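Trainee: Residues per chain are reported as follows:
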Amino acid sequence: MASKGGKQSRSDRKGAGEQEEEEQPLQAVLVADSFNRRFFPVTKDQPRALLPLGNVSMIDHTLEFLTSTGVQETFVFCCWMASKIKEHLLNSKWCRPTSPNTVHIITSELYRSLGDVLRDVDAKSLVRSDFVLVYGDVVSNFDVSQALQEHRHRRKMEKNISVMTMIFKESSPGHRSRCEEDDVIVAVDSKSQRVLHYQKTHGLKKLQFPMNIFHSGSDEFEIRHDLLDCHISICSPQVAELFTDNFDYQTRNDFVRGILVNEEILGNQIHMHVTKDGYGARVSNLLMYDSVSSDFVRRWVYPLTPESNFADHKGRSCTYSRHNVYRGSGVSLGHGSQMEENVLIGCDTSIGANCHISNSVIGNNCTIGDNVILDHAYIWNNVHIASNVTISQSVVCDKTVIKEDVKLNKQCVLAFNVVIGPNISLPEGTVVSMHHPEEEEDDDDEFLSDDAEVGHSKDKNKQKGAYRVSEVGQEGKGYIWKASSLDDTEDEELSQCLWGLVLNPDPESESEASEPDGPDDPVIPSPEMDDVKVFQMEVLGTLQRGLEENIGCDNLVLEINSLKYAYNITLKEVMQILTRVVLDYPFQQQGSQLTTSQYVALLLPLLKKWAPVFKNYVKRAQDHLDCLCAFEEHFLEQESHWAAMVKVLMNMYQLEILEEEIILRWFSQGATTDKSRALRKNQGLQKFIQWLEEAEESSEEDGE
Amino acid sequence: MPGSDKETDLTERIEAFLSDLKRGGSGTGPLRGSAETARETTALLRRITAQARWSSAGDLMEIIRKEGRRMTAAQPSETTVGNMIRRVLKIIREEYARSRGSSEETDQQESLHKLLTSGGLSEENFRQHFAALKANVIEAINELLTELEGTTDNIAMQALEHIHSNEVIMTIGRSRTVEAFLKDAARKRKFHVIVAECAPFCQGHEMATSLSKAGIETTVITDAAIFAVMSRVNKVIIGTQTVLANGGLRAVNGTHTLALAAKHHSTPLIVCAPMFKLSPQVRREYTINNSNNHFVSSGEILSKVNVHCPVFDYVPPELITLFISNIGGHAPSYIYRLMSELYHPEDHEL
Numbered sequence: 001m002a003s004k005g006g007k008q009s010r011s012d013r014k015g016a017g018e019q020e021e022e023e024q025p026l027q028a029v030l031v032a033d034s035f036n037r038r039f040f041p042v043t044k045d046q047p048r049a050l051l052p053l054g055n056v057s058m059i060d061h062t063l064e065f066l067t068s069t070g071v072q073e074t075f076v077f078c079c080w081m082a083s084k085i086k087e088h089l090l091n092s093k094w095c096r097p098t099s100p101n102t103v104h105i106i107t108s109e110l111y112r113s114l115g116d117v118l119r120d121v122d123a124k125s126l127v128r129s130d131f132v133l134v135y136g137d138v139v140s141n142f143d144v145s146q147a148l149q150e151h152r153h154r155r156k157m158e159k160n161i162s163v164m165t166m167i168f169k170e171s172s173p174g175h176r177s178r179c180e181e182d183d184v185i186v187a188v189d190s191k192s193q194r195v196l197h198y199q200k201t202h203g204l205k206k207l208q209f210p211m212n213i214f215h216s217g218s219d220e221f222e223i224r225h226d227l228l229d230c231h232i233s234i235c236s237p238q239v240a241e242l243f244t245d246n247f248d249y250q251t252r253n254d255f256v257r258g259i260l261v262n263e264e265i266l267g268n269q270i271h272m273h274v275t276k277d278g279y280g281a282r283v284s285n286l287l288m289y290d291s292v293s294s295d296f297v298r299r300w301v302y303p304l305t306p307e308s309n310f311a312d313h314k315g316r317s318c319t320y321s322r323h324n325v326y327r328g329s330g331v332s333l334g335h336g337s338q339m340e341e342n343v344l345i346g347c348d349t350s351i352g353a354n355c356h357i358s359n360s361v362i363g364n365n366c367t368i369g370d371n372v373i374l375d376h377a378y379i380w381n382n383v384h385i386a387s388n389v390t391i392s393q394s395v396v397c398d399k400t401v402i403k404e405d406v407k408l409n410k411q412c413v414l415a416f417n418v419v420i421g422p423n424i425s426l427p428e429g430t431v432v433s434m435h436h437p438e439e440e441e442d443d444d445d446e447f448l449s450d451d452a453e454v455g456h457s458k459d460k461n462k463q464k465g466a467y468r469v470s471e472v473g474q475e476g477k478g479y480i481w482k483a484s485s486l487d488d489t490e491d492e493e494l495s496q497c498l499w500g501l502v503l504n505p506d507p508e509s510e511s512e513a514s515e516p517d518g519p520d521d522p523v524i525p526s527p528e529m530d531d532v533k534v535f536q537m538e539v540l541g542t543l544q545r546g547l548e549e550n551i552g553c554d555n556l557v558l559e560i561n562s563l564k565y566a567y568n569i570t571l572k573e574v575m576q577i578l579t580r581v582v583l584d585y586p587f588q589q590q591g592s593q594l595t596t597s598q599y600v601a602l603l604l605p606l607l608k609k610w611a612p613v614f615k616n617y618v619k620r621a622q623d624h625l626d627c628l629c630a631f632e633e634h635f636l637e638q639e640s641h642w643a644a645m646v647k648v649l650m651n652m653y654q655l656e657i658l659e660e661e662i663i664l665r666w667f668s669q670g671a672t673t674d675k676s677r678a679l680r681k682n683q684g685l686q687k688f689i690q691w692l693e694e695a696e697e698s699s700e701e702d703g704e
Numbered sequence: 001m002p003g004s005d006k007e008t009d010l011t012e013r014i015e016a017f018l019s020d021l022k023r024g025g026s027g028t029g030p031l032r033g034s035a036e037t038a039r040e041t042t043a044l045l046r047r048i049t050a051q052a053r054w055s056s057a058g059d060l061m062e063i064i065r066k067e068g069r070r071m072t073a074a075q076p077s078e079t080t081v082g083n084m085i086r087r088v089l090k091i092i093r094e095e096y097a098r099s100r101g102s103s104e105e106t107d108q109q110e111s112l113h114k115l116l117t118s119g120g121l122s123e124e125n126f127r128q129h130f131a132a133l134k135a136n137v138i139e140a141i142n143e144l145l146t147e148l149e150g151t152t153d154n155i156a157m158q159a160l161e162h163i164h165s166n167e168v169i170m171t172i173g174r175s176r177t178v179e180a181f182l183k184d185a186a187r188k189r190k191f192h193v194i195v196a197e198c199a200p201f202c203q204g205h206e207m208a209t210s211l212s213k214a215g216i217e218t219t220v221i222t223d224a225a226i227f228a229v230m231s232r233v234n235k236v237i238i239g240t241q242t243v244l245a246n247g248g249l250r251a252v253n254g255t256h257t258l259a260l261a262a263k264h265h266s267t268p269l270i271v272c273a274p275m276f277k278l279s280p281q282v283r284r285e286y287t288i289n290n291s292n293n294h295f296v297s298s299g300e301i302l303s304k305v306n307v308h309c310p311v312f313d314y315v316p317p318e319l320i321t322l323f324i325s326n327i328g329g330h331a332p333s334y335i336y337r338l339m340s341e342l343y344h345p346e347d348h349e350l
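One line per chain: the protein sequences are X and U, in this order. full-length UniProt numbering applies: residue 1 is where the first sequence begins, and numbers increase by one. full-length UniProt numbering applies: residue 1 is where the second sequence begins, and numbers increase by one.
Since the hints were derived computationally from the structure, they do not count as laboratory data. None of these values were measured; they are calculated from a predicted model. Some hints here could point you the wrong way.
Pair ranges (Cβ atoms, derived) [said to hold, decoys possible]:
id, chain 1, residue 1, chain 2, residue 2, range
1, X, G334, U, V168, 56 to 66 angstroms
2, X, H335, U, R69, 25 to 35 angstroms
3, X, K159, U, V168, 53 to 63 angstroms
4, U, E7, X, H335, 31 to 41 angstroms
Built from N, CA and C at the ideal position, the CB exists for glycine as well.
All chains should be built: construct the whole structure from the sequences, respecting the hints.
Mentor: Set out below in structure tokens:
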């Protein structure tokens with residue numbers, strides 16, 4: 001009772017926007033998995049959400065953002081290394097009983113995409129009203145309440161039309177926190193803020209917009225390229241339902257595209273909210289990690305600053321002084337060492353003499369020797385760096401040891417527990433991990449390997465033999481992940497993706513490395529032949545089932561229609577395939593060594609049964625011809641059964657599937673090859689045609 | 001169990017207050033004046049006194065100190081919180097002394113002789129249990145709350161003594177106290193107010209709108225024009241974030257410029273500061289808030305520059321003519337005396 005009173009007053013203070021008519025607490029869905037392998041050799045040991053950014057786990061940044069924006073209930077979905085995330089959260093301030101934001105942790109190893117998560121949200125019916133959707137690696141200080149208010153207002157004005165409000169930050173191209181691969185171009189209705197078109201540019205110079213977006217009634221449009229997608233969206237509960245209905249939606253991109261394309265059919269709309277101030281970015285690769293970290297240290301994310309200790313770790317507070325230098329408690333700095341600017345040093349770290357440190361983040365319990373130069377270095381916890389080391393723009397993970405006289409050039413990554421040196425210089429872009437890159441391919445399928453697996457792979461390491469001295473130094477431990485051999489292009493891609501340095505990406509490699517993209521992706525080859533073949537199999541299956549379960553012809557038509565749309569088959573092809581399948585049906589069922597009479601005996605009842613199906617498709621004269629062509633093709637392949645041909649044709653004529661006129665036309669015109677001419681010379685057929693001609697004449701005479 | 005229920009409620013409230021403080025000052029948290037923060041802190045301390053488990057004054061002081069340390073750490077730039085904690089500690093000391101029967105005065109006067117002979121007023125003196133202590137402390141805190149309620153009005157009441165007809169007054173940024181002060185004077189007198197806008201946050205714009213709505217003739221100037229305009233000004237009236245122990249100010253950025261210009265032209269500088277802004281701190285701190293700055297649009301430049309946007313200025317006491325608090329006007333040299341009246345010397349460091 002009393003605690004309720006407390007909450008009440010809190011939300012009262014949060015402003016009028018939130019509690020207009022519904023007193024529903026604001027909920028959020030936090031996806032603590034990236035579903036890609038951008039950070040790969042690093043995330044093999046620790047999930048991305050737990051990687052430290054400014055000495056605080058990324059997920060803590062995200063939860064702090066959610067809490068400060070007024071979210072009262074958060075569902076955290078974990079997949080990769082779920083147990084670690086769970087453990088972290090249970091020990092954090094978010095799971096204390098006093099936390100204003102109740103955190104529920106939901107883990108499953110079956111999530112493979114954002115789509116799976118949202119389908120699960122729908123299945124478990126977790127959300128009751130509008131919710132905030134974020135990833136576990138978003139750093140932001142927005143106040144979403146205004147966007148939320150707009151969203152709710154829109155939904156009240158037009159019942160449930162708007163399903164999603166995406167939040168963008170205004171930032172012109174070239175801004176540090178703009179990520180090349182996330183560059184978007186958005187067409188928007190300037191009055192209603194309705195999103196008309198949303199496209200990732202992927203470095204393209206030319207972009208195409210469908211014309212119909214400009215005919216949608218409004219007279220003012222904006223096409224904007226100065227927006228940064230913050231990956232924060234306010235969703236209605238319908239979003240989860242829509243994901244369930246459309247099982248092919250994997251990512252938010254799929255969803256947005258699907259909604260925009262099907263807008264007229266489903267009537268759903270997406271809106272956006274652009275904010276000018278505030279900070280929001282998603283750490284999607286190491287380059288972004290670099291820029292978000294430095295923004296964090298430079299206080300762009302105020303009030304989320306390093307010294308505010310918002311994650312509430314005991315004894316982890318640090319002091320702030322000029323030039324953005326932060327020192328944790330128990331930091332010792334040797335004689336003559338300089339911390340120039342934008343430096344964050346964690347607790348109990350000791351730094352030797354004559355060091356130069358600038359633009360760097362150093363974790364807790366690190367030891368750094370003398371004469372060390374660090375620039376744009378991100379050093380995590382418990383790292384040991386010996387004297388005379390130079391590091392520039394690199395990431396050094398937990399428990400790494402760097403021996404004397406090592407030089408790390410730009411964009412090196414040392415994953416967990418690696419030992420480097422002494423006396424070695426790692427070239428630009430080197431990635432070193434304790435995991436062998438080849439072993440990576442072995443357990444590729446077991447993406448969700450657990451701890452036992454890791455132990456197992458360590459044994460394998462030993463089998464694979466010693467570490468190369470030329471790569472990691474005399475006492476070094478670890479394997480180079482960089483593509484030293486050019487044949488292994490996949491690795492090259494990987495190390496680039498880690499830093500997200502795909503500046504002029506050829507679209508293929510780009511999207512392959514990222515998540516599986518939507519239908520219009522150029523990578524996924526959709527050879528038409530395959531579709532046609534699959535369609536044929538499906539039709540055969542449908543008919544077979546129809547026969548076994550005695551399904552009515554109407555339903556069969558319906559099923560074939562839906563298949564037609566699923567595989568994008570033209571009507572002409574449907575006709576031909578249908579004919580072929582039906583004529584082939586007895587062979588399919590009984591084997592190809594049927595005698596002609598047996599064949600006919602089997603086929604005729606089938607034809608009678610499925611006549612309505614044919615009639616549904618075969619309507620115009622052209623259809624009849626197409627049907628006959630398929631018929632001809634079929635019999636050209638089955639020369640031994642020519643005798644049956646005339647009976648089948650006769651039957652189709654009698655069932656009114658085919659008209660006599662068309663049959664005559666086909667007979668007189670259709671012959672193009674020798675074989676088809678031979679077919680037309682078949683006696684039975686000629687007799688049938690003659691009979692038809694006579695019948696026609698007689699009917700004409702009758703008419704006169 | 002009602003007892004534990006009460007306690008969880010209490011901790012919940014404290015946590016909520018702490019997180020509000022942490023987010024305070026930015027757009028994301030609830031925006032409050034320092035008067036409101038002071039009231040909330042005091043109300044929370046009253047609740048702690050009423051609901052926490054303690055048997056003697058020493059226990060209570062320990063609890064309040066512990067929570068107080070957390071609260072001040074949550075938002076170091078908000079000194080009001082620490083000040084209110086010190087006030088409450090002082091109240092507890094006084095009430096304890098009264099219950100014990102010794103007079104307040106003897107305790108309050110820390111003479112050199114007494115310091116030498118007593119060996120310090122140690123904590124064990126507060127171990128005695130008095131049944132009435134709780135009620136008395138709460139009563140005294142209530143009095144403090146009433147005092148807080150009235151501070152702005154008390155200051156505004158003195159306006160007519162300082163502002164005369166047809167004067168030109170300069171102020172900077174937005175201070176609720178100064179706003180009330182000027183509006184109060186405007187009821188009787190006609191005068192002209194010049195507001196320095198206080199970029200980059202430009203709180204001065206809000207101030208000017210509010211003043212002109214009250215019918216005061218108002219002009220907004222840029223910060224760079226302060227010196228140029230100063231020669232025309234009769235008085236400078238400003239608010240402050242904190243009054244430091246030496247009589248100096250920690251006030252919104254730009255105040256130092258203003259104070260120096262006023263000194264140059266020998267214009268009196270009057271500071272409207274309620275008593276709860278008086279802080280025993282002398283340390284200068286450095287706060288930067290980059291959150292809503294105006295460089296965001298020029299994206300490419302941003303990657304190559306460091307942007308610093310300090311929030312507070314330190315103004316030395318020599319530049320200040322007069323403090324107007326809710327209990328009257330004081331010279332900067334008198335601040336140390338007020339300090340010793342308000343806070344107990346042992347509480348200066350929480």
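Trainee: Hints first: check each against the structure and report whether it holds.
Mentor: Now for the hints, and whether the structure bears them out:
Here the CB-CB span from G334/X to V168/U is close to 57 angstroms, well matched to the stated 56 to 66 angstroms. Remark: the range hint 25 to 35 angstroms for H335/X to R69/U is upheld by a beta-carbon distance near 33 angstroms. Look at K159/X against V168/U: about 58 angstroms separates their beta carbons, and that is inside 53 to 63 angstroms. Between E7/U and H335/X the beta carbon distance is about 50 angstroms. The supplied range of 31 to 41 angstroms is therefore violated.
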